[in-house]
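Chains as they are written, first to last, in our numbering: chain H, 55 to 400; chain R, 55 to 400; chain V, 55 to 400; chain F, 55 to 400.
Some hints here could point you the wrong way.
Claimed, not checked - Listed below are the simulated DMTMM-like cross-link pairs for lysine to aspartate or glutamate, each with C-alpha atoms no more than 25 angstroms apart in a straight line:
1. F:Lys250 <-> F:Glu282
2. R:Lys131 <-> V:Glu66
3. H:Lys250 <-> R:Glu211
4. R:Lys315 <-> V:Glu167
5. H:Lys131 <-> F:Glu114
6. R:Lys257 <-> R:Glu211
Just so you know, the hints here were simulated from the structure itself, not pulled from any lab data.
There are 4 protein chains.
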Amino acid sequence: MLIVMRHGASAEEIKRVVSVIEEMGYQARPMPGAQRTAVGLVGNDGRVDASRLEGLPGVEEVIHVSKPYKQVSREWKTESTVVRLPGGVAIGGAEVVVIAGPCSVENERQILEAARQVREAGAVILRGGAWKPRSSPYSFQGLGRPGLKLLAKAREETALLICTEAMDPDGVRWVSEVADIVQIGARNMQNFSLLKAAGRAGKPVLLKRGMAATITELLLSAEYLLAEGNHDVILCERGVRGFDTITRNLFDISAIPVVQKLSHLPIIADPSHGTGLRDKVIPMARAAVAAGADGIMVEVHPNPDAALSDGAQSLFPDQFAQLMREVRVIAEVIGRRIAEPAPVGA
Amino acid sequence: MLIVMRHGASAEEIKRVVSVIEEMGYQARPMPGAQRTAVGLVGNDGRVDASRLEGLPGVEEVIHVSKPYKQVSREWKTESTVVRLPGGVAIGGAEVVVIAGPCSVENERQILEAARQVREAGAVILRGGAWKPRSSPYSFQGLGRPGLKLLAKAREETALLICTEAMDPDGVRWVSEVADIVQIGARNMQNFSLLKAAGRAGKPVLLKRGMAATITELLLSAEYLLAEGNHDVILCERGVRGFDTITRNLFDISAIPVVQKLSHLPIIADPSHGTGLRDKVIPMARAAVAAGADGIMVEVHPNPDAALSDGAQSLFPDQFAQLMREVRVIAEVIGRRIAEPAPVGA
Amino acid sequence: MLIVMRHGASAEEIKRVVSVIEEMGYQARPMPGAQRTAVGLVGNDGRVDASRLEGLPGVEEVIHVSKPYKQVSREWKTESTVVRLPGGVAIGGAEVVVIAGPCSVENERQILEAARQVREAGAVILRGGAWKPRSSPYSFQGLGRPGLKLLAKAREETALLICTEAMDPDGVRWVSEVADIVQIGARNMQNFSLLKAAGRAGKPVLLKRGMAATITELLLSAEYLLAEGNHDVILCERGVRGFDTITRNLFDISAIPVVQKLSHLPIIADPSHGTGLRDKVIPMARAAVAAGADGIMVEVHPNPDAALSDGAQSLFPDQFAQLMREVRVIAEVIGRRIAEPAPVGA
Amino acid sequence: MLIVMRHGASAEEIKRVVSVIEEMGYQARPMPGAQRTAVGLVGNDGRVDASRLEGLPGVEEVIHVSKPYKQVSREWKTESTVVRLPGGVAIGGAEVVVIAGPCSVENERQILEAARQVREAGAVILRGGAWKPRSSPYSFQGLGRPGLKLLAKAREETALLICTEAMDPDGVRWVSEVADIVQIGARNMQNFSLLKAAGRAGKPVLLKRGMAATITELLLSAEYLLAEGNHDVILCERGVRGFDTITRNLFDISAIPVVQKLSHLPIIADPSHGTGLRDKVIPMARAAVAAGADGIMVEVHPNPDAALSDGAQSLFPDQFAQLMREVRVIAEVIGRRIAEPAPVGA
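Generate the whole structure from the sequences, applying the supplied hints.
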């Protein structure tokens, strides 16, 4: 950490910064410069509270040199984390994993049909919300616990794994009893009570980037999970808020290589929420794989026009099958391959 | 709702849009135009799911004419809501209410000293977090329930009302037993499970705008509270995420008149989080009152340099007293006045 | 255009909107709705000035149904524009074109070496700035006209085409005498005097998206060029301003399919400025091609560590050669191929 | 400048950074830390090109400690700049200056009527565009040089000073012959050819903040003007691009105190463009004065409903008069006062 003093800060003010740093248990190294003095804080273990220093008289700004996160960083653990799931599926290794399915579980017929269709095209994990965070209290909010049962049934029939969202501590308990991956949605990325609960769930967690979250904040939220002892964390880029409303979100594909450099955790991408428009999902899914994503998460619905939520961004099953054919080749270009579903009953 | 068809959409496609609208129970009115046809959906009660229409073949875009929220809108209720609190304090009427205090409750001495100081200068409500949402799991997370007791003690001694944050359904229960206002923080603005709990808490709720929330989304989150039967809702602008990191947030003062036109709910402003820098808090607090805010929420600490959180944005007590003198005059310019604290023991 | 009235707007107010529309020479169609009345403006030729209507009493908002641009839209011209350049190079057809070279022309040796290297790897157009728009007046501003001569020499030797930026009307004249493509930089996307000059330059124009420009604004700026009679326009996504400073810009790859649907003009992508970091350029270049870009523009420098500008985002020549190998396969996946350079002296 | 090395950077890599710094003519000070080594660059005169260092092997990031601008900073010149205009008007001193008038000059009657009205209410400078930068080539683009003559006539009659925009080097010449202040619009804030021309114009310049410009970039653009020898520069906040389209721009009032701390140049605010909506202009104008702006710039039109541009954000003359009464009191609260117009013929 570097405490930059104002031009013309008094010797007194510099001395005070030094002594506050020392009070906090760190070493201070003043460096007089051409325009101003800066004071280095040495020994930062990632727990220094900058705001104590920012407000001191004569301080211009506090610059963070150390990363604020720890266990999620590549400096803490050099080798990439591979999250191992039942049936030999692994996220973060050589294989690129495809998660697909409808936005929400609507009824038995719909979820079973979707499961069969995405499995046939090559997905290995089924997505589908039992609880749906909706901006409006009057929108369809999901089937709740009966939805979880339908997901379990779909898994039984197709051998697909299940990934579904939990919205509160109770939900984490229910979801982790049934699902293979507990999803934390973008709107809850900084719901720290929920993160703590998910950190203790005993199941891998898929953590979606918040709509206005920096990469640093995403990694700090993941740190909450690791700090509770859960190391099976998968990050997910799903679009951030941009100024152009022509797409629902601004799908930040560069987050993929950025995260991969800073952290050992796998990162996948969700082009369906990332763009919000069906005809943009396919090119963006290809782009995410080309950029090196460890997986993609795609909304597919047997009958998008009749979907209870997010119909406009759901692919038709045959579009999804075409997409799978394309990403298989792209994955190979960069030395990876698309994970294939296990045979049913295997 | 207006469904805009693509240029060259077929008669077939237009017909399908019309029939889907009718299936949904509304009336459809096609309007052929110079460049393209648009189909009006008449009778929208705020529950139409646009995504079913967005994805239909031939549809270019769906334009919302009706507001997606209902009970929070000025069209639902013309007169401004006045949230009435104990001791005759009211938010949303002629008086401008000042909420002040430290970022977090640290210990008995600190909170009592802060309470006395802000009361003396003219605040009527004491703020102070017992639970603190922090980006990093390693930062100070608040005292928890013992912090609530200290707030209660401060109220006893100073007759200030108490406003403090709840972060999960359990927290809502504990906070609503003690506080006069339950605060929902910016990071939880779309934590819908929390909103539902707060909607049933039986206490007024202060809802902060999320970091990337549009005004429409803020009002939809408030709608969750009203939909649960809680009509005592106070909105709060506290800065949104901007592209310039020179301030912590971009304090959107224009949100004040924008909300006041669309909704009957009161709106206050928090210049401390809005800017994140002590020397910007004072001019921004004045600006918020000049713009017509129904109140301001300001961080004040007896000794900001030693604060456990947000020290750099907390005012010194004498700065706060000076601010109070200034906003008293500004409130009068626009025909309002600053609420004065009740005498102790009144 | 739809003029949405306030809830409770008077019959008088609605009548006035109707009569203003008729004064402007269009037809008005009032549509009474459940919550409010809307008035459709029929016959919009793209020249209606909405601000006259927005300010009328009783008007809530004005919604644009027609696009504000005309000649650039796919509705005006259905088939994709193919910009034909000397030597058989074409942008916007089946081939994906690679433009590469240093940020700025520094000296003869540097630009010739760069030209040979990028040609060898497979680029068909050489980039390199003779004038550089720099945030600071104290940064290297380019060689000016002598730089143009060096570019011409590089073309002579390598048969690469030349693309370089003009910053003012004089510059447009000089650049269009020498270059094959006149580039308008992001900072000048709404420099309308410059656009008018470029529209009359008689050379194809590469128009970069401004840092905070919506797609609609990008297309409107292109409309300035077409309105002056220049139909050889290539658009370029190069990253927009985001809230996360971890990358220099937020590279909006979804702009590629969005533009391709709305406009017949070709669109290429610049991952070098789009990310600002060398190790992100390669994955993002692959992603852009996978998303369907009509070309990519990449900074390559013979010796990036010694570059006078943008060294940190320039590829080493061998990195560029590896990238070319990868994008050749990706282009094929989506039914395209990378344009190959003509033999020298052909 | 601080060059932060990657965790585990080799001694070799650190040595190379040191030697590149020394080659550039500065001193290098390596500081080994707990997590990583950082190398301080001492003697930075504001001309160091960081990109040469950013790309070196082992470098994690380059952190700027010195400001990139020089002459515009408060460290260069401590006392606030007061821009002195004819007739004793001064911007940046104790008085708060009001600039008002229509968006564009439409005809003699309109501009004279507007001038009389705003003068009567208390404005001292008349605004009005002779050239208008418009997103669409089909919108009204201003009267051009005849518009300048009408402005001169309005000055003759009312003794108001004139502020009007120039869009290219030719325009700067024409405008500076007639106007008292040459305005550079937001879209041209980084049109560096225009800035250089304006820097040599011999007239004070009003520089508007670009739509996505950071404060640092605004100050760097101002530095272009000072570097050409023009020290009479007035900055202007006019709203930046935000994610919520409910207002045209996001009016960043906090830019006022931020700029005033970093720079000695005066800063005014334009709430008309800042919000784009008439009923938001008045509260935002009050807020800007309360925040300490050195002036405000407000669109006023004798008949907004018939305005050729920006009618929806122009105030009616009586609204403007009311606003003037309010800001007079607010200015006094913070120890300033509104400048009053000189008597005609004085």
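Taking the hints in turn, this is what the structure says about them:
1. Simply put, F:Lys250 and F:Glu282 have alpha-carbon atoms about 7 angstroms apart, close enough for the 25 angstroms limit, and the pair holds.
2. Between the alpha carbons of R:Lys131 and V:Glu66 the distance comes to roughly 23 angstroms, so the proposed pair stays at or under 25 angstroms and holds.
3. Between H:Lys250 and R:Glu211, the direct Cα distance comes to roughly 36 angstroms. Violation of the 25 angstroms bound is thereby established for this hinted pair.
4. For the hint linking R:Lys315 to V:Glu167, the alpha-carbon distance of about 63 angstroms lies beyond 25 angstroms, and the restraint is violated.
5. With a C-alpha separation of about 17 angstroms, the suggested pair H:Lys131 and F:Glu114 falls inside the 25 angstroms cut-off, and the hint holds.
6. Only pairs whose Cα atoms come within 25 angstroms are accepted, and R:Lys257 paired with R:Glu211 is accepted, the gap being roughly 22 angstroms.
In terms of the numbered hints stated before, the structure departs from hints 3, 4, listed from lowest to highest.
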